[in-house]
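Asks: If you want the building blocks of each chain, they are given just below.
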Amino acid sequence: MEPAVRLRAAVTLLGRFPALAGVDLDITSGEIVLLKGPNGAGKTTLLRLCAGLCSLASGQGWVLGHDLNDERRMVRRRVALLGHRTGLYDDLTVAENVAFWARAAGAGGTDVDEAIERLSLTGRLADTRVGRLSAGQRRRASIASLVVRRPELWLLDEPHAGLDQQSRDTVDMLVRGAAAAEATVVLATHELERIQVLKPRVVSVVGGMVRSGSHSADAPNGEDGSTEGDRRVP
Amino acid sequence: MRQTARMVPLRVTAVFRDAWLIAGKDLKIEMRARVGINQIVPFAVTVLVLFAFALDTDQEALRTYAPGLFWVTVLLASLLAIGRSFAVDLADGASDRLLLSGIDPIAVFGGKAAAIAIQLVVLEVLLAAGVVLLFDVTVHRYGLLVCAGLAAAVGVATAGTLYGALVSGLGVRETLLPMLLLPVVAPVLIGATRAFQDAFGVAGAEGWAWLGLLAGFAAIYGVFGALSYGALLEEA
Numbered sequence: 001m002e003p004a005v006r007l008r009a010a011v012t013l014l015g016r017f018p019a020l021a022g023v024d025l026d027i028t029s030g031e032i033v034l035l036k037g038p039n040g041a042g043k044t045t046l047l048r049l050c051a052g053l054c055s056l057a058s059g060q061g062w063v064l065g066h067d068l069n070d071e072r073r074m075v076r077r078r079v080a081l082l083g084h085r086t087g088l089y090d091d092l093t094v095a096e097n098v099a100f101w102a103r104a105a106g107a108g109g110t111d112v113d114e115a116i117e118r119l120s121l122t123g124r125l126a127d128t129r130v131g132r133l134s135a136g137q138r139r140r141a142s143i144a145s146l147v148v149r150r151p152e153l154w155l156l157d158e159p160h161a162g163l164d165q166q167s168r169d170t171v172d173m174l175v176r177g178a179a180a181a182e183a184t185v186v187l188a189t190h191e192l193e194r195i196q197v198l199k200p201r202v203v204s205v206v207g208g209m210v211r212s213g214s215h216s217a218d219a220p221n222g223e224d225g226s227t228e229g230d231r232r233v234p
Numbered sequence: 001m002r003q004t005a006r007m008v009p010l011r012v013t014a015v016f017r018d019a020w021l022i023a024g025k026d027l028k029i030e031m032r033a034r035v036g037i038n039q040i041v042p043f044a045v046t047v048l049v050l051f052a053f054a055l056d057t058d059q060e061a062l063r064t065y066a067p068g069l070f071w072v073t074v075l076l077a078s079l080l081a082i083g084r085s086f087a088v089d090l091a092d093g094a095s096d097r098l099l100l101s102g103i104d105p106i107a108v109f110g111g112k113a114a115a116i117a118i119q120l121v122v123l124e125v126l127l128a129a130g131v132v133l134l135f136d137v138t139v140h141r142y143g144l145l146v147c148a149g150l151a152a153a154v155g156v157a158t159a160g161t162l163y164g165a166l167v168s169g170l171g172v173r174e175t176l177l178p179m180l181l182l183p184v185v186a187p188v189l190i191g192a193t194r195a196f197q198d199a200f201g202v203a204g205a206e207g208w209a210w211l212g213l214l215a216g217f218a219a220i221y222g223v224f225g226a227l228s229y230g231a232l233l234e235e236a
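Chains as they are written, first to last, in my numbering: chain A, 1 to 234; chain B, 1 to 236.
Hint data in this document are derived by calculation from the structure and do not stem from the laboratory. Fair warning: this is a prediction, and the values are worked out from it, not measured in the lab. Some hints could be false.
[As the list claims (entries may be wrong)] What follows is a list of derived Cβ distance ranges for each label pair:
{"#": "1", "chain 1": "B", "residue 1": "F53", "chain 2": "A", "residue 2": "D164", "range": "47 to 57 Å"}
{"#": "2", "chain 1": "A", "residue 1": "L13", "chain 2": "B", "residue 2": "A54", "range": "49 to 59 Å"}
{"#": "3", "chain 1": "A", "residue 1": "P38", "chain 2": "B", "residue 2": "E234", "range": "25 to 35 Å"}
[Said to hold, decoys possible] Reference listing, derived: stretches of chain A covered by chain B, where coverage requires no fewer than 3 residues with Cβ under 8 Å from a Cβ of chain B:
{"#": "4", "segment": "28-40"}
{"#": "5", "segment": "117-124"}
We put the beta carbon where it would ideally sit given N, CA and C, even for glycine.
With the sequences and hints as input, model every part of the structure.
Replies: Written out as structure tokens, the structure reads:
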């Protein structure tokens with residue numbers, strides 16, 4: 001299968017600090033990958049690099065077949081990044097936000113209605129300004145504005161953070177839906193129990209490096225990132 | 001070769017469609033947030049009134065300097081409109097989403113500049129009414145007044161969008177934007193003031209010649225901004 005992500009000795013600088021210090025990583029199309037590691041390990045930077053939002057200081061990288069050195073705009077059209085921020089406009093309603101991002105991606109009106117329905121944002125909620133929503137509702141609206149783009153590569157950074165039970169279930173539904181549609185999903189989360197059912201490949205990120213190892217069903221799932229990564233969650 | 005030739009009109013159409021999408025979004029946000037009506041317009045009117053207080057004893061001086069005072073006020077208020085245009089994108093990570101949307105940077109530039117220009121034109125109309133009332137000036141050349149107002153608004157909006165993007169990723173953008181932009185738009189201040197002097201009949205300036213300067217400034221910054229905006233967004 002064609003790799004969705006291929007990084008070779010990838011170095012990304014945040015200022016002068018090497019947030020990624022020579023990453024080698026292969027992710028196959030259709031795969032679900034869980035990035036594990038302590039805070040500051042470089043997980044977010046790795047996701048942003050895969051989204052084409054960070055540049056390579058050295059090394060090589062390809063995402064969905066596009067070179068990260070000179071085809072980042074092509075990459076961006078085909079990926080969706082759910083970060084810590086929603087990417088929504090507070091003064092627009094949920095429906096207007098989703099419609100704006102849908103039109104920006106060239107999607108149609110039926111895609112908008114479908115995404116709003118899928119994320120349970122129908123009725124009065126759809127006509128409510130995003131600035132008046134709760135954190136969980138904002139997150140769902142943010143996800144709806146990504147769903148509508150039908151991305152080939154999902155990049156989810158702490159998708160469960162700060163969410164209530166209903167919104168966490170929504171995130172899980174999103175990952176399952178993306179996997180069912182044969183999209184590739186790369187996520188960084190501390191909610192390991194929730195993700196276990198999806199049987200992701202686990203990749204440990206430590207100090208800006210990816211620790212690749214053998215697939216191991218019984219390796220520990222510690223949060224310190226000291227374990228040899230690249231294994232299946234038991 | 002023939003296929004490439006067919007793609008060019010499609011790309012141009014897409015750029016205009018996306019620019020309209022961006023402009024519509026920015027204008028809708030401003031209509032809802034009412035920052036322009038509740039803050040920028042009152043600020044501009046306050047500046048005009050303060051000028052009137054400062055020169056109150058000399059009505060003739062007020063009439064003579066009205067065009068310059070008008071444009072200084074517009075430029076100061078434009079800083080707020082430009083800053084606001086970028087603040088809404090930065091507030092909750094929408095600037096990253098814009099990059100990820102795949103919209104051509106030329107369309108983003110055009111859309112943001114168009115939205116700012118429309119807001120400035122509305123501001124100019126309100127301020128022009130204020131100047132007529134407060135400074136007791138009369139308009140002699142409406143055509144020149146309208147053309148100069150439009151050209152200056154486009155010039156300030158294009159330069160403002162360019163410099164707004166330049167500083168948008170910096171923590172000190174609120175203070176850096178005026179320092180960078182105001183010297184750059186000095187030709188707009190000079191040209192628009194001379195054109196308005198002619199339109200108000202307060203000086204024998206060659207108003208239409210100065211309008212040429214305004215149009216040239218707008219064209220240069222329009223083209224330069226469109227070509228360089230993609231690189232600026234990458235660095236912001």
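Asks: It remains to establish, for every hint, whether it holds in the given structure.
Replies: Here is how each hint holds up against the structure:
1. B:F53 - A:D164: 47 to 57 Å: With a Cβ separation near 55 Å, F53 of chain B and D164 of chain A satisfy 47 to 57 Å, so the hint holds.
2. A:L13 - B:A54: 49 to 59 Å: holds (51 Å)
3. A:P38 - B:E234: 25 to 35 Å: With Cβ atoms ~30 Å apart, the hint holds.
4. 28-40: violated (count 0)
5. 117-124: violated (count 0)
Against the hints set out earlier in the document, violations occur for numbers 4, 5.
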